[in-house]
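Could you put the whole structure together from the sequences, leaning on the hints where they help?
Read the sequence shown against my numbering and you will find it ends at 462, with the numbers running on by one and no gaps.
Hints were generated in silico from the structure; no laboratory data involved. Quantities reported herein were computed from a predicted structural model and do not represent experimental measurements. We put the CB at the ideal spot given by N, CA and C, even for glycine. A portion of the hints provided could be inaccurate.
Okay, the calculated beta carbon distance ranges per label pair [said to hold, decoys possible]:
| no. | residue 1 | residue 2 | range |
| --- | --- | --- | --- |
| 1 | L28 | V351 | 14 to 24 angstroms |
| 2 | V344 | P136 | 51 to 61 angstroms |
| 3 | V351 | V76 | 20 to 30 angstroms |
| 4 | Q243 | L342 | 56 to 66 angstroms |
| 5 | G233 | G430 | 34 to 44 angstroms |
| 6 | E209 | Q412 | 21 to 31 angstroms |
| 7 | W59 | Q381 | 26 to 36 angstroms |
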Amino acid sequence: MRVIRRDLAPLPIKGWLVFSAAWLALCLLVLLFTRELFLVLALLVGLTLILVLLAAVIWLMLRISKGIGITQLGLVGQGFKRILRRSKSYTLQMTALAMTLMLMAVLGMLRAELLDNWSAQIPDDVPNHFAFNIMPTDTEQFSQAFSGQGMSAPPLYPMVRGRLTKINGVDINAELFTDKDEAAERRSDGSLNRELNLSWTDSLPADNEIVSGQWHSGASVEKAAATVSVEEGLAERLGIGLQDELEFDIAGQPLKATVTSLRSVVWESFTPNFYMLFSPGALNNLPATYVTSFRLDAEQRQLLMKLVQAFPSITILEIDALIAQLQTILEQVTTLVEIMLLFVLLAGLCVLLAIIQSDLDERLREGALMRALGASRRYLQWLNYIEFSLLGLLAGVLAMAGAELVTALLYQRVFDLPSHWHWHWPFWLGLPVFAGLLVAVVGNIAVQRTANQSPMQLLNRR
1 MRVIRRDLAP LPIKGWLVFS AAWLALCLLV LLFTRELFLV LALLVGLTLI
51 LVLLAAVIWL MLRISKGIGI TQLGLVGQGF KRILRRSKSY TLQMTALAMT
101 LMLMAVLGML RAELLDNWSA QIPDDVPNHF AFNIMPTDTE QFSQAFSGQG
151 MSAPPLYPMV RGRLTKINGV DINAELFTDK DEAAERRSDG SLNRELNLSW
201 TDSLPADNEI VSGQWHSGAS VEKAAATVSV EEGLAERLGI GLQDELEFDI
251 AGQPLKATVT SLRSVVWESF TPNFYMLFSP GALNNLPATY VTSFRLDAEQ
301 RQLLMKLVQA FPSITILEID ALIAQLQTIL EQVTTLVEIM LLFVLLAGLC
351 VLLAIIQSDL DERLREGALM RALGASRRYL QWLNYIEFSL LGLLAGVLAM
401 AGAELVTALL YQRVFDLPSH WHWHWPFWLG LPVFAGLLVA VVGNIAVQRT
451 ANQSPMQLLN RR
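Written as C-alpha cells, this is what we have:
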C-alpha cells in the first residue's frame with residue numbers, strides 16, 4: 001500500500017552506512033595510491049558538491065518542465081508526468097547517471113584534445129631534439145656536422161653534476177630552518193636530495209630574465225670569488241636570497257659561490273635550462289659534458305644517424321617520439337578508467353532496475369487501469385519507452401553541460417592551458433542519444449509486464 005500511495009520510506013540507516021562506506025573506500029584508495037591527503041579531501045569535497053549541484057539542477061529542471069506545460073504534450077507529456085510523480089527517486093537516479101556520464105565525457109574530450117591543444121601552444125620552430133653527453137673534445141666536430149648540412153650549429157651548454165650541501169655555512173641536513181614544518185617541507189624538496197645540473201655562461205640565456213640582483217656579466221674567478229644565479233622558484237622553496245653563500249659538492253670537490261641574482265626561467269622553451277648558472281671559470285677543471293637542443297624537419301632526420309655514428313657517447317632524445325608515446329600512455333590510462341566507469345554505469349543501471357522494481361506494483365495497477373480505459377498494449381509500450389528515454393536524455397544533456405564546464409576548468413586551472421570554451425558537438429549529439437536509448441531499453445525490459453499483463457486478471461486479484 002505504501003507503494004500505491006507513493007509514500008516510500010526514506011533511505012534507512014543501513015543504506016546510509018553502505019553509502020558512507022563506499023565514499024570512505026574511494027577516499028582510502030585515492031590516499032593509498034597518491035599519498036596526498038589534500039587531493040583526497042579535494043576529491044571528496046568536489047564530488048560531493050557536484051552531486052549536490054546535479055541533484056539541485058535536476059530537481060529545478062523537473063519543476064520548470066511542469067510549470068511551462070510540457071506535461072500537456074501528448075505521449076511526451078505523459079512521460080514527463082510519470083517522471084514528475086517519481087521525482088524523488090528519479091532525481092537520485094538521474095544524478096548518479098549524469099555524474100557517471102559526465103566523467104566519461106570529460107575523459108573522452110581530454111583524450112581527444114589535451115595533447116593536441118598543448119601541441120598547438122608550441123611554436124613551429126621550437127627544438128624537437130635534445131642531445132646529451134657531448135664530450136668537450138667533440139664540441140667542435142659536433143657543430144661542424146650541422147654546418148656541413150647547411151644548418152646553423154645549435155648553442156652548446158656545459159653541464160656539471162653537483163649537490164648543494166650548505167647554505168651560508170649551515171649544512172642542509174642540520175637544523176637550517178627554525179620552523180619544523182618549514183624545515184620538513186624544504187628538506188623534502190628533490191633538489192636537496194639529488195645532484196643538480198650546474199652550468200656557466202657569460203651571457204643571460206634568452207629564456208631567462210633577472211628578477212632580483214645583477215647578472216654576473218664579465219665576472220670570473222680570476223678576478224673575484226665565484227658567483228651564481230639561482231632560479232627564483234628554487235630560491236623561494238629553499239629560502240635562498242641575494243648575497244647568500246652556497247656550497248656544492250662536485251665529484252668530491254667543494255665549491256663556494258655567492259648568489260648575485262635570481263632568475264625566472266621559461267621551462268617550456270624546449271631549450272636547456274638550469275637552476276644554477278655560474279660565472280665563467282667557476283667550474284674550471286671539473287668534469288663536464290655538453291648539452292644542446294635543435295630542430296630537425298622530416299627531410300633532415302638523416303642527420304640523426306650521422307650524429308650517432310660519429311659520436312657514440314651522445315644521447316639523443318626525440319621530443320616527437322616522446323609526445324607520441326605520451327599519447328599512447330594517455331589513451332591506455334583513459335581507456336582503463338573508462339572501463340571502470342562502464343562498470344559504474346552498469347551498477348547505476350542496476351540501481352535503476354531496483355528503483356523500478358520497488359514501484360512495479362503501482363506501474364502494474366496503472367497499466368491495468370489504462371488498459372481497462374481503452375489504452376492499447378502498443379500505447380503503453382511507447383509510453384514506457386518515452387518515459388525512460390526522457391530520463392536518459394535529460395541525464396545526458398546535464399552530463400554534457402557539466403563536462404564542458406569541468407573540461408574548461410581543468411584546462412585553465414590544472415593543465416595551465418588557455419581556457420577554450422567551445423561546443424563539442426559530437427559529444428552533445430551522441431551522449432544524450434546514447435543515454436536515452438540505453439535507459440529506454442533497460443527500463444522497458446524491466447516494466448514490460450505492465451503492457452503485457454491482462455487488466456482483468458490484475459484487477460480481479462486486487
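Those earlier numbered hints the structure runs against, lowest number first: Hints that this structure does not satisfy do not exist here, as all of them hold.
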